[in-house]
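Visitor: Construct the complete structure from the given sequences, taking the supplied hints into account.
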Amino acid sequence: MASTPVQPRKIRSLTADDWVSLVGAILASFALVDLLYLHVLATSGALGFVVSWFVSFMLFYAGILSFVNPRHVIVDRLVTAALYVAALIVLGALASTVVYTFAQGWRALVHLNFYTHDMSGVSPTAPLNQGGILHAIVGTVIEVGIAIAIAVPVGVATAVYMSEVGGRFARWVRTVVEAMTALPEILAGLFVYVILIVYVGLPKTGFAVSVAMAVTMVPIIARAGEVALRVVPSGLREASSALGATHWSTVRKVVLPSAKAGLATATILAVARGIGETAVALITSGASSFMTINPIQNPMNSLPLFIFTADQTHEPLAIVRAFGAASVLLAMVLVLFILTRWLSRDKGARR
Amino acid sequence: MSTSASNTPTTLRSSSEPRLLEPGLERSDRIFHGLSTLTGAFVLLVTGGIGLFLGLQAIPTLRHYGLSFFTTVVWQPELDHIGIAAVLLGTLEVALVAMTLAFPLALMLALFISDYAPVKIKSYLVSAVDLMAAVPSIIYGLWGFFLLQPHAITLSRWLSQNFGWFPLFHVDTDPNAAVWQQSRYTSSVFIAGAAVSMMAIPLACAVMRAVFDQAPQGEREAAMALGGTRFGVVRTVVLPFARGGIIGGSMLALGRALGETAAVLIIISPAYEIKFRVLEAGTQTISALIAGNFGNATASQLSALMTAGFVLFLITLLVNTAAAVIIRRSRSGAGTDI
Amino acid sequence: MTTTDVETTIHDLSATHRAASETHLDAIGISAWFSGTRVLENVSLSVPPATVTALIGPSGCGKSTFLRILNRMHESIPGAQMAGEVRLNGDDIYAPGVRVTTVRKRIGMVFQKPNPFPAMSIGDNVTAGLALTRTKVNRAQRAELIETSLTRAGLWREVKDRLDQPGSALSGGQQQRLCIARALAVQPDVLLMDEPCSALDPTSTRRIEETIDELRSEVTIVIVTHNMQQAVRVSQQAAFFLAEEGQPGGIVEQGLTDDVFHRPQDPRTAKYVHGDFG
Chain S
861 MASTPVQPRK IRSLTADDWV SLVGAILASF ALVDLLYLHV LATSGALGFV VSWFVSFMLF
921 YAGILSFVNP RHVIVDRLVT AALYVAALIV LGALASTVVY TFAQGWRALV HLNFYTHDMS
981 GVSPTAPLNQ GGILHAIVGT VIEVGIAIAI AVPVGVATAV YMSEVGGRFA RWVRTVVEAM
1041 TALPEILAGL FVYVILIVYV GLPKTGFAVS VAMAVTMVPI IARAGEVALR VVPSGLREAS
1101 SALGATHWST VRKVVLPSAK AGLATATILA VARGIGETAV ALITSGASSF MTINPIQNPM
1161 NSLPLFIFTA DQTHEPLAIV RAFGAASVLL AMVLVLFILT RWLSRDKGAR R
Chain E
2 MSTSASNTPT TLRSSSEPRL LEPGLERSDR IFHGLSTLTG AFVLLVTGGI GLFLGLQAIP
62 TLRHYGLSFF TTVVWQPELD HIGIAAVLLG TLEVALVAMT LAFPLALMLA LFISDYAPVK
122 IKSYLVSAVD LMAAVPSIIY GLWGFFLLQP HAITLSRWLS QNFGWFPLFH VDTDPNAAVW
182 QQSRYTSSVF IAGAAVSMMA IPLACAVMRA VFDQAPQGER EAAMALGGTR FGVVRTVVLP
242 FARGGIIGGS MLALGRALGE TAAVLIIISP AYEIKFRVLE AGTQTISALI AGNFGNATAS
302 QLSALMTAGF VLFLITLLVN TAAAVIIRRS RSGAGTDI
Chain P
698 MTTTDVETTI HDLSATHRAA SETHLDAIGI SAWFSGTRVL ENVSLSVPPA TVTALIGPSG
758 CGKSTFLRIL NRMHESIPGA QMAGEVRLNG DDIYAPGVRV TTVRKRIGMV FQKPNPFPAM
818 SIGDNVTAGL ALTRTKVNRA QRAELIETSL TRAGLWREVK DRLDQPGSAL SGGQQQRLCI
878 ARALAVQPDV LLMDEPCSAL DPTSTRRIEE TIDELRSEVT IVIVTHNMQQ AVRVSQQAAF
938 FLAEEGQPGG IVEQGLTDDV FHRPQDPRTA KYVHGDFG
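Chains as they are written, first to last, in our numbering: chain S, 861 to 1211; chain E, 2 to 339; chain P, 698 to 975.
If you're looking for bench data, these hints aren't it; they were derived computationally from the structure. Heads up, a few of these hints could be off.
As the list claims (entries may be wrong) - One side of the interface only, derived from the structure: several residues of chain P facing chain E at Cβ under 10 Å: (1) A729; (2) R769; (3) E772; (4) Q778; (5) M779; (6) A780; (7) G781; (8) Y791; (9) G794; (10) R796; (11) V797; (12) T798.
Said to hold, decoys possible - Some chain P residues well away from chain S (every beta-carbon gap over 10 Å; in silico): (13) D723; (14) S743; (15) P745; (16) V795; (17) G820; (18) V834; (19) G851; (20) R854; (21) S901; (22) D910; (23) V929; (24) P961; (25) H971; (26) F974.
Bear in mind that the values here come from a model prediction, so they are computed numbers and not experimental data. Backbone N, C-alpha and C fix where the C-beta goes; we use that ideal spot for every residue, glycine too.
Guide: Here it is, written out as structure tokens:
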């Protein structure tokens, strides 16, 4: 007996009526607002138009739906519409930020000298084929590099302490570390300024910026790192103990390697936070226009600092350069961000 | 036939009391634990020391300026007549404006991501929110000043035209003039608050979404089985469950908004007065005050700035600790790693 | 058993290992507490060398707790305490001055949920015990040890061509056999197994039971199982644990598996092996 093979059924959750109601409401409200807003009242302003359109859309939609749907369904649909709009607003704002930054900086970004020269001897009003932000890029890279060298060992060691050793004192440490992840960066900068620059007498250098960055980064690495370590299954630690390993051996050879990705993510998150710290650089570093690779003796410029000082000049060309530098900074953050996504992807085939 | 233990020593230790055991820590483990604890103590000292250090600055400040430091409105360093009354108010205003914009948007976006978005794009949305949090604040400052401000001041003008009788929306100029004074609307609390909200939204949204995702599946199914719409399920199961996360996430975002520096610096023009007119140009926040003035500060003004910083430190510490406690104690926060 | 330092060469371990068939493990008067609540009362058991001893009984009677006392894993739980003695060849492993790490190299353990180290390859997983205890081997010895251990665990043929793959890329049954190989590589005198098959499918269970049977001439095995048929299949000695409601657990009856199951002396044992409760 031949029988047709069984196919799964297609189950649709939205009916034709739903779609027609939605589209109808959109069109009707648009037409109404267009008529009233532009032709009858002759008001202007894109923002006002959009807001009026949205409000009238909601009213129309509610009205149309009420012909066949009970009240709680109408509320559900209106809420859905509102949520879609809210998501569009926020994501649109984010997109506009990214696009606008690159668009405004484009004129500076196309010049090769932007990446290969610094601003020594170049005035802020000079045309864009002169000068560049090499010193700021290098400064950011060096400052962040030193900050990482300080913050990662300290942060990971603290995370290991909180997660693997524990105890009553560890709870105090965790409380303070958690509170410090929210420390406004300007206070970290202020602290480093007074301690290192005023009391100890160090000059305003790139090193001071690195220290302040590290102060901000350590709590982030410590807390996110602790979470990454805690997620390592306790069965692994047990197995290691049962083989006769010491605690340190277990941590070093089993726990840390298993948490590698999580610890790397924690570090990158801290770095993304650190490279944008403007206030810190403002306070602890002088904004030099020279390219320098010595962080101990000389003031170093960095991307956020350059952006700020260029913006403050209010000169149009300087502002284009500021956007150019902002684009470079944003590109760095994007790269770091993609790196975190890549590191925390689902690895391998697990059965 | 059962057998009993073959070697029963004559001196059998009593089996009714626990033995005191030495774990026999290896030398390497003793070193490990010791160094580890030292690192923890070091971090505790340095990070905790910041607060202590800033607080100690209150002593020379109070000695020099007295308690009037907290009540003086103006900041005139040339006359050495300074106080943080207006600055403190400005800080709160900017943060509150930011939260007024950020709270509904973050809540709606979080709800959208957790319960309404198509499953396939959900992880991209989560990434987008995380990206929003990673963008440096100075970039939002540039965005706010150059892109948002020209459009936002038309909104400010409209508000002051139609609702100017309400003290909050009043602006000291004629909104109905044919050529209206744009400069009276720029660099205001409102614009600065809007830029800061871009940093508050992703923070609050991330916490809220993580919490929404944890609403118990069993309860969700029960609501669905009773014939609830999607919003019905959200209203009866998700939102009550997530109350702690919603409040806690918002407070974390508030803490961030209070301490924000770079964006505020770029947007506002410093003005020292006690005013509640958020649409009007001119304001000052503690962090912008510190960043803008530390360079030319005398010694006593420097300690005054640090006292202001200490006040900011206390406020953010309070807000963030309260947020952490609320999250941890709530039903929704227990499993969340904020 | 001496308290000398951890670093030994594989030569010494093998020397100890050859005497495994003369290993005597005796538990005397064991009691256990969790945060003040007593869960085991005065349990004594003598484990015969080169045999498989099964600890049977309904769940929650303290079988796993007792097993963990045998290799000093019990005390790693906060709030856990014990009393009594565990003697390996006459020496109390709980005596002051004895290093737990050394105890655990002589008495190994395989857990209920397979737990290979995901950050290591299959080959590295096998020798993980050596790496963790800083036992030195040269490359030839290492390769030989990997092959021997995997063969004894019944896994060599399936993985010999992919020793570089991560340890987590195997099926559940293979992972558990990898854990057995890992435990064997340290050359323990006694191998403790805490319900090793309960997380596995019937086919993998059968493979592991075959492995256990092959191993018993080389290493003394104590296995906790709540599967009575498994106990009959693999063990020569058995001890029946029971805990009355709200009371600490203990051994009701012990002896040859055949005797315990077919000629039980205690009525409670009879009821259990008859399947009246589980």
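Visitor: Take the hints in turn and mark each one as holding or not.
Guide: How the hints compare with the structure:
The beta carbon of P:A729 comes within 9 Å of a beta carbon in chain E, closer than 10 Å, and the hint placing it at the interface holds. With 10 Å as the threshold, the beta carbon of P:R769 comes within range of chain E, its nearest partner Cβ sitting at about 8 Å, so the hint holds. For P:E772, the interface hint holds, since its Cβ comes within 10 Å of a Cβ in chain E; the closest pair sits about 6 Å apart. With a least beta-carbon distance of about 4 Å to chain E, the hint placing P:Q778 at the interface is held under the 10 Å criterion.
Using the Cβ-Cβ criterion of 10 Å, the hint placing P:M779 at the interface with chain E is satisfied: the shortest such distance is roughly 6 Å. For the restraint placing P:A780 at the interface with chain E, the shortest Cβ-Cβ distance is roughly 5 Å, inside the 10 Å limit, so the hint holds. Proximity of P:G781 to chain E holds as hinted, the smallest CB-CB distance being about 5 Å (cut-off 10 Å). Annotation: P:Y791 was flagged as interfacial toward chain E, and the flag holds, the nearest CB pair being 6 Å apart, inside 10 Å.
The beta carbon of P:G794 comes within 7 Å of a beta carbon in chain E, closer than 10 Å, and the hint placing it at the interface holds. For P:R796, the interface hint holds, since its Cβ comes within 10 Å of a Cβ in chain E; the closest pair sits about 4 Å apart. With its C-beta approaching chain E no nearer than about 6 Å, P:V797 sits inside the 10 Å limit, and its interface hint holds. Given the 10 Å rule on beta carbons, the hint for P:T798 holds: about 6 Å separates it from the nearest Cβ of chain E.
Non-interface call for P:D723 relative to chain S: holds, since the shortest CB-CB distance, roughly 21 Å, exceeds 10 Å. Residue-level check passed: P:S743 sits 23 Å from the nearest beta carbon of chain S, beyond 10 Å. The beta carbon of P:P745 sits about 23 Å from the closest Cβ of chain S, which is more than 10 Å, so the claim that it is off the interface holds. Taking the minimum C-beta to C-beta distance to chain S, about 13 Å, the non-interface status of P:V795 holds against the 10 Å cut.
With a least beta-carbon separation of about 15 Å from chain S, P:G820 lies farther than 10 Å from that chain, consistent with its non-interface assignment. Remark: the non-interface label on P:V834 is consistent with the geometry, its nearest Cβ contact in chain S lying 15 Å away (cut-off 10 Å). A cut-off of 10 Å between C-beta atoms confirms that P:G851 is not in contact with chain S; the least separation is 19 Å. Every Cβ of chain S is farther than 10 Å from the Cβ of P:R854; the closest lies at roughly 19 Å, confirming the non-interface assignment.
Its beta-carbon lying about 12 Å from the closest one in chain S, P:S901 satisfies the requirement of being farther than 10 Å from that chain. Every CB of chain S lies more than 10 Å from the CB of P:D910, the least distance being 22 Å, so the non-interface label holds. Once the 10 Å rule is applied to beta carbons, P:V929 is consistent with being away from chain S; the minimum gap is 27 Å. Under the 10 Å C-beta cut-off, the non-interface status given to P:P961 relative to chain S holds; the minimum distance is some 33 Å.
Consistency note on P:H971: stated as away from chain S, and its beta-carbon is indeed over 10 Å from all of that chain's, at 35 Å minimum. With 10 Å as the threshold on Cβ separation, the claim that P:F974 sits away from chain S holds: the shortest Cβ distance comes to roughly 30 Å.
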